[in-house]
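**Student:** Since the structure of chain A is provided, determine the placement of chain B on it from the hints.
2 protein chains.
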Amino acid sequence: MESFTLQIPTKIIFGEDTIPRIGEEVREYGKKVLLVYGKGSIKRIGVYDTVMASLQNAGLEIIEHGGVKPNPVLSHLREGIALAKKEKVDVVLGVGGGSAIDESKAIAAGAVMDDDVWKFYTGELPIENTLLENTLPVLSVLTVPATGTEMNGGTVVTNDETNQKYGFLDSHLCPKASILDPTVTYSVPLQYTAYAAVDCFSHMTEGYFTHDDEWAPIQDRFVEALARTVMDATERIMKDPNDYQGRATLMWSTSLAWNGLLTVGVRGCKIPAHLLEHPLSGLYDIAHGAGLSIVIPAWMTWSNRRGNKKIAQFAENVFGIHRDDPVQTGEKGIAALKAWFEKIKSPTSLSAADIPESDIEKIADFTLELAGVWDLPEYTKDIIIEIYKLCAV
Amino acid sequence: MESFTLQIPTKIIFGEDTIPRIGEEVREYGKKVLLVYGKGSIKRIGVYDTVMASLQNAGLEIIEHGGVKPNPVLSHLREGIALAKKEKVDVVLGVGGGSAIDESKAIAAGAVMDDDVWKFYTGELPIENTLLENTLPVLSVLTVPATGTEMNGGTVVTNDETNQKYGFLDSHLCPKASILDPTVTYSVPLQYTAYAAVDCFSHMTEGYFTHDDEWAPIQDRFVEALARTVMDATERIMKDPNDYQGRATLMWSTSLAWNGLLTVGVRGCKIPAHLLEHPLSGLYDIAHGAGLSIVIPAWMTWSNRRGNKKIAQFAENVFGIHRDDPVQTGEKGIAALKAWFEKIKSPTSLSAADIPESDIEKIADFTLELAGVWDLPEYTKDIIIEIYKLCAV
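Note that the protein sequences, when read in sequence, are chains A and B.
Read left to right, the first sequence gives residues 1490 to 1882 (our numbering).
Read left to right, the second sequence gives residues 1490 to 1882 (our numbering).
Just so you know, these hints were derived from the structure itself, not from any lab.
It is possible that some hints are incorrect.
[Said to hold, decoys possible] Where chain B lies over chain A, by a calculated footprint (3+ residues, C-beta under 8 Å):
#	region
1	1492 to 1501
2	1680 to 1692
3	1701 to 1708
4	1738 to 1749
5	1838 to 1845
[Said to hold, decoys possible] With a straight-line Cα cutoff of 20 Å, these simulated EDC-like cross-link-like pairs (lysine to aspartate or glutamate) come out:
#	chain 1	residue 1	chain 2	residue 2
6	A	Lys1500	B	Glu1617
7	A	Lys1665	B	Glu1622
8	B	Lys1827	B	Asp1843
9	B	Lys1500	A	Asp1659
[Claimed, not checked] Partial list, computed: chain B residues near chain A (C-beta under 8 Å):
#	residue
10	Ser1492
11	Leu1495
12	Pro1498
13	Lys1500
14	Phe1503
15	Glu1505
16	Thr1507
17	Phe1711
18	Gln1734
19	Ala1737
20	Thr1738
21	His1811
Just so you know, even glycine gets a beta-carbon here, dropped at the ideal spot from N, CA and C.
Here chain A stands alone, though its shape is the one from the complex (with noise of 0.2 Å):
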């Protein structure tokens, strides 16, 4: 187990009929609050009118900033940010998934720098900065649960001008509260919320199958447990798209995969599944869930073969299969999980989300610019490409 320094300091309320509660929560950290939400899917399922009537209630002064897309854009965050600037918001709220949470965050950080918030991204300014010290309060009512967001200090926003989706880490990013109220996912299709699913899994095992600890039990089976339990709850989702008990287990699960739980005290974590998804959903603007079970299997099977035990101990324990040698029960793991994200109907090739093989040199150029940022430089161009080529199949 190797040192760690770990707080999560994000209040979670969690439960049916918790989001009137949003209104005290922010009148805690301010009286004039910037209202961040998406295209309207918060309006649809009534979620808006509730939260503006808590908020309403509390005395707050509200200022809207709607129209974050899926893949929250950069040029919409400037927006966001120059209104906070515009009209002293004391503190931000994002309503919605992943995106408005995603962008509240940003907002928040922007607000009170002078200097471009993209270059926390890009990592031009360096993330251990004082400036995010003043961070404003962010606070969140999650919608579509899948990024984790809700309960960390990420934010991932794609820069429309570059097509460059990357994203950073910092804990004064981290909602001072978080409303779950698991109710509200109801609405959320099928289709998305596989894809959730997916994002949910990624999250949890990005680490698993990376860290280099010879003996992490307590990590490992935590990570175990979670994709167990992730598999189970979106079964019982597609059963019953109103299934309470399924609907509120996947929900936490996502806040739980992300949240620094199942990452601290084990060395050497990295991220490739996000490495080479962010391209795929950067160009063509597909689910980042959709973009991760194409690029998942194939990542396994490559690390797989160069020997990397945790995927035949993942096909063990989670899938309870065994084969004596232990490149082979990997590759019987990662036929399952193949098949499990089939059957969610989450795609497992390039072809199946309309991509073609040719683009792979291209894909590949902005892997290979993420990988430098993100400081992956054994991912070189010949095993991105080859990484990708297992996807073709």
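**Tutor:** Just chain B, lined up with the frame of chain A:
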């Protein structure tokens, strides 16, 4: 899954050579610190000197309150409160095991009120009390992992006039920061390490065995994962007391076992093992963990016979036992657990702890009183005696 609110604000600083950071952490909360510790073991292992140097380097004024007993007593706690008031300290630092940190929390609460802090323990003052909002900030350096107090808002104290061992829990008592250096636990004797493992085991399983949710895969699987891990880590330590991985894994497990994570979202958690144990360590001054390994198998036997299916689930998922009949499966699991307690030399009967069976009637009176305080009316005197009789064999 039930509705819940969860916030675990404690900053955990984990790893070798982290103790010299305590000064800067304490300094964030004030200039004058009350240093609370036990009977001198922290001086023997060098932690006292490291802490003092760090506090002095940070320019802090230090008031000492040593001599906390392993089961901290109210008379000593009251002396600490008087000292904290007289010296007008800003912050309380507990250094040691659960006792020093529990007493620190109670001093921090008592130092800012005129009323008697013991009333929180007895329930005479409601826990939802604005007095607790003023609690002084508490920090901790943990040297004996067991109780989980370093990452929660709980405190347990024994009234040395009445022998009542009571506790209460409030989020305002959560340490602001806790430093956990596994290397300082090398010197914890194997006997006390075993008691710590039992204590940790009891914390994670109290909710698991008693919640009444039909489907709680996150919580149940996390507990099963942690139970297996605590056993594995303890066995590594028994083989080599200086095994860093074993010590570190046990230390982090004890924090996770009782910080709220394992019981959020499940309904009806109770703490029967603690109910049955507190009178034992309160009356006979045995280690809390020793008392727990006596009462846990007895309570499990009683509960298994009454049809609690979680006992069989535990036997299957932790010990890999399966019989067609769930009661039989449960019995095999209890036998395996009892054998494991005996393997690590923690007592599993009253006689092994020199508690005469003839005292059961007297002990039960204390337990019944505590059942009233903790609102566990299903534990009638007959039932309590029935379970203690199962501890006699």
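**Student:** Does the CB of Thr1507(B) sit less than 8 Å away from some CB of chain A?
**Tutor:** 7 Å, holds
**Student:** Examine the region 1492 to 1501 of chain A: at least three residues should have C-beta closer than 8 Å to a C-beta of chain B.
**Tutor:** holds (count 10)
**Student:** Taking the least C-beta to C-beta distance, is Thr1738(B) closer than 8 Å to chain A?
**Tutor:** With a minimum Cβ separation of about 6 Å from chain A (threshold 8 Å), the hint on Thr1738(B) holds.
**Student:** At a threshold of 8 Å, is the proposed contact between Ala1737(B) and chain A supported by beta-carbon distances?
**Tutor:** Status holds, d = 4 Å.
**Student:** Can you confirm whether the C-alpha distance between Lys1500(A) and Glu1617(B) stays at or below 20 Å?
**Tutor:** 18 Å, holds
**Student:** With a cut-off of 8 Å on the beta carbons, see whether Lys1500(B) makes it to chain A.
**Tutor:** 4 Å, holds
**Student:** Answer holds if the nearest beta-carbon of chain A is closer than 8 Å to that of Ser1492(B); otherwise answer violated.
**Tutor:** Where the cut-off is 8 Å and the nearest Cβ of chain A is about 2 Å from Ser1492(B), the hint holds.
**Student:** Apply the coverage criterion to the region 1701 to 1708 of chain A and chain B: a residue qualifies when its Cβ sits closer than 8 Å to a Cβ of the chain, and three qualifying residues are needed.
**Tutor:** As far as the region 1701 to 1708 of chain A goes, the hint holds, because 3 residues have Cβ atoms under 8 Å from chain B.
**Student:** Lys1500(B) and Asp1659(A): Cα distance at most 20 Å?
**Tutor:** Holds - the C-alpha atoms of Asp1659(A) and Lys1500(B) are around 15 Å apart, at most 20 Å.
**Student:** For the hint on Phe1503(B), does the least C-beta distance to chain A fall short of 8 Å?
**Tutor:** Nearest chain A Cβ about 5 Å off; hint holds.
**Student:** Does the nearest C-beta of chain A fall within a distance shorter than 8 Å of the C-beta of Phe1711(B)?
**Tutor:** 6 Å, holds
**Student:** At a Cβ distance under 8 Å, does chain B reach at least three residues of the region 1680 to 1692 of chain A?
**Tutor:** violated (count 0)
Going down the numbered hints, you'll see the structure goes against 2, 5 and 21, while the others check out.
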